[in-house]
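**Q** Protein sequences appear in the order of chains A and B.
Per my numbering, numbering through the first sequence is continuous, rising by one, with the last residue being 267.
Per my numbering, numbering through the second sequence is continuous, rising by one, with the last residue being 574.
Simulated from the structure, these hints should not be mistaken for laboratory data.
The C-beta atom is built at its ideal place from N, Cα and C for all residues, glycine as well.
Accuracy of the hints is not assured; some may be wrong.
Unchecked claim - Which stretches of chain A does chain B cover? Using the computed rule of at least three CB atoms under 8 Å from a CB of chain B, they are: (1) 93-101; (2) 214-222.
As the list claims (entries may be wrong) - Only pairs whose alpha carbons sit at most 16 Å apart, straight line, appear in this in silico EDC-like list of lysine to aspartate or glutamate: (3) B:K476 to B:E567; (4) A:K241 to A:E199; (5) A:K152 to B:E310; (6) A:K152 to B:D311; (7) B:K502 to B:E526; (8) A:K83 to B:E364; (9) A:K125 to B:D311; (10) B:K282 to B:E417; (11) A:K152 to B:E316.
Stated by the list, open to error - Just a sample of chain A residues kept apart from chain B, beta carbon distances all over 12 Å, derived: (12) K25; (13) N26; (14) L109; (15) K125; (16) T128; (17) V142; (18) W177; (19) D178; (20) D181; (21) E250.
Listed here are the chains, written in short residue letters.
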Amino acid sequence: MQQLDSFYKVCYNRFFEFEVINAVKNGKINAPIYLSVGQESIPVGVYSCFPNAAIFAQHRCHSWYLTYGGNPIALVDELTHKKSGCASGMGCSASIHDPSIPMFGHSGLMGDQVPIAVGYALESKKTTVTVIGDGSVEEDYVFASMGFAATKNLPILFVVEDNNLAILTEKYVRRSWDIVDVACGFGLNAFHSSDDPDEISNCISSLTLPALINVSTCRHLWHSGIGIDGPPAFNSYNSYKQKCKILGVEVDEIESKIINEVEKLWK
Amino acid sequence: MEITVAQTISDETRKHLNNGGKLFGQCVTAVGWVGGTIPEMTEDEGIVELPLSDVSNPGMAIGCALAGNRPIYVIRYQGFLWYNAASLINYAAKSKEMWNTHCPIFIRAIAMEGGVGPVATSSEHSMVMRKPGLPVFAPMTPNEWLQTWEYFLAHDDPVFCSEHRKSFGICSEELSNPIQFSSPDITIFAISAGRLSAKEASEKLYKRKNIRCNIIPIVQLKPFSIIEKYIDELKKTNLGLVVDSDNEICGASRSFAYELMLKTGYPVYALGIADKTAGFAPHLDNGTPTTQDVYNKVLEIIAIANK
């Protein structure tokens, strides 16, 4: 049952992040932290269609790493600045890197993973997924990269995690256009989706690459750090949990099991 | 028959592409094939024509390198580095130190001058020298270019090759040889097209003023280790000058002069491109210090030293 596997991953991603919050509170982490809480389901939906893809993400990528089989212990070590971390302790939260997935680290220039991912797809001819926010997708070099991917018909999926915020500036303040329209203009297959992993999966399973999917989602925490400004506009995790429960997934048992697992990781 | 720098580059590129390598650039297969340095090959044979998007394009070469290739990335004018440098410096150069992941790209950045305006004029290698992880070379002869290329093939780092259009027609190795007098008055450390001006100035200074200038070419700009040769050469004259085809302010010439002075205690001056904007006409140019510039500078600093 797909929902069982998907719920397990979504749940793991979410409760891993809750433990990161505890680690920050306990002083175990002393660097900028970018948490996926609220957005943890997106990689799960993509994974169900492209489990062997190479990943080029930027900050807020813990969930991508975990979903694609990254070693959680290596992520804990990375976040706590140890040499045994997946990026040898150099990347911390913002630049997760693990060639065994393969997942490639991010330099810190917003969106620069996109042309790099396009070059990777061109050379390797392997399915490549690049992850951007609704803010970084505004970087001009992202457009040229989409255009080139379309021109060369490359096996690449652009995933836009659209939480409507660039730090705290809303989309309507920053732009008058829609990224799906832009991508279609470049000749990409492009769609909007909710962040329900089943919908993401359905959406992209019928796509021919190169393609773009803009996923509406809700960031529950601050852009950086563990703070909260107020209740989230919507809580997709709870909705998905409810849906999986109706479908027969033993969600509470899974949750309890995962909470124990991730607590142990941090001990 | 002697082979020019341009032909050397073209020949080595052809070999590289025949072995599965790739070359990325804008309009590289257009008229002139970048001064005759690109072999007339096709996309199927490894030449990737990129869109006119200077900021995204190096990323595509970086992705290619991460996938296991060793691409050549061509920047037709070094002034375009202002756009191109972002991911070359922040991703390719830092990848090894940051993630222990190699990102071997051979960056051919080509300097030009001669009334080509405020961006296309001059070298810009100092810009990329400021950040870690990127060895920088400025070859001017066929063998020097080959050595730079062989360095790239033997290492896993990206390499920045600061080429100058004035070198493309050179087929002799004469420029590689230091100019040595038995009792020299001054030591000139010369970089890129500055080596041509320094050589001509040296000949004039000797003929007209009986001033003997030793000239030491610097090809590897970074990592810059003050090898004993440079110190020994400086000790012969106790007076030095570094000439470069990049801007003097915050540039390689001043940086080297500073390092040499610290190591030896002798005064070492710098002469690079002046702090002004080049226009689109030959009389408005602001390129590599000319022969006359070097000539005048040497007279000036020798006069100061003699006071």
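**Q** Could you run down the list of hints and mark each one as holding or not?
**A** Quick rundown of the hints versus the structure:
1. As drawn, the region 93-101 of chain A meets chain B at 3 residues by the rule of a beta-carbon pair under 8 Å; at three or more, the given contact holds.
2. Given as covered by chain B, the region 214-222 of chain A fails the check, having 0 residues with a CB less than 8 Å from a CB of that chain where 3 are the minimum.
3. A hinted pair counts as satisfied when its Cα atoms are at most 16 Å apart, and B:K476 with B:E567 qualifies at roughly 13 Å.
4. For the hint pairing A:K241 with A:E199, the CA-to-CA distance comes to about 14 Å; that is within 16 Å, so the pair holds.
5. Between A:K152 and B:E310 the CA atoms are separated by roughly 11 Å; this keeps the pair inside 16 Å, and the hint holds.
6. Taking the CA atoms of A:K152 and B:D311, the gap is about 12 Å. The hint holds against a cut of 16 Å.
7. Distance hint between B:K502 and B:E526 is fulfilled; the C-alpha atoms sit about 14 Å from each other, no more than 16 Å.
8. Among the hinted pairs, A:K83 with B:E364 is consistent with the structure: their alpha-carbon atoms are about 13 Å apart, no more than 16 Å.
9. Restraint check for A:K125 and B:D311: satisfied, since their Cα atoms lie roughly 14 Å apart, inside the 16 Å limit.
10. Between the alpha carbons of B:K282 and B:E417 the distance comes to roughly 13 Å, so the proposed pair stays at or under 16 Å and holds.
11. Restraint check: the Cα-Cα separation between A:K152 and B:E316 comes to about 11 Å, which is no more than 16 Å; the hinted pair holds.
12. With a minimum CB-CB distance of about 28 Å to chain B, A:K25 clears the 12 Å threshold, and the non-interface call stands.
13. Every beta carbon of chain B lies more than 12 Å from that of A:N26, the smallest distance being close to 27 Å; the non-interface claim holds.
14. Not every beta carbon of chain B lies more than 12 Å from that of A:L109, the smallest distance being close to 6 Å; the non-interface claim is violated.
15. Taking the minimum C-beta to C-beta distance to chain B, about 9 Å, the non-interface status of A:K125 is violated against the 12 Å cut.
16. At roughly 8 Å, the least C-beta separation between A:T128 and chain B is not larger than 12 Å, which violates its mark as non-interface.
17. Not every CB of chain B lies more than 12 Å from the CB of A:V142, the least distance being 8 Å, so the non-interface label is violated.
18. Listed as a non-interface residue, A:W177 keeps its Cβ farther than 12 Å from every Cβ of chain B; the least gap is roughly 18 Å.
19. Look at A:D178: its CB is around 21 Å from the nearest CB on chain B, clear of 12 Å, so calling it non-interface holds up.
20. Distance to chain B confirms A:D181 as a non-interface residue, since its nearest Cβ pair spans about 20 Å, more than 12 Å.
21. Its beta-carbon lying about 39 Å from the closest one in chain B, A:E250 satisfies the requirement of being farther than 12 Å from that chain.
Hints 2, 14, 15, 16, 17 from the earlier list are contradicted by this structure; the remaining hints agree with it.
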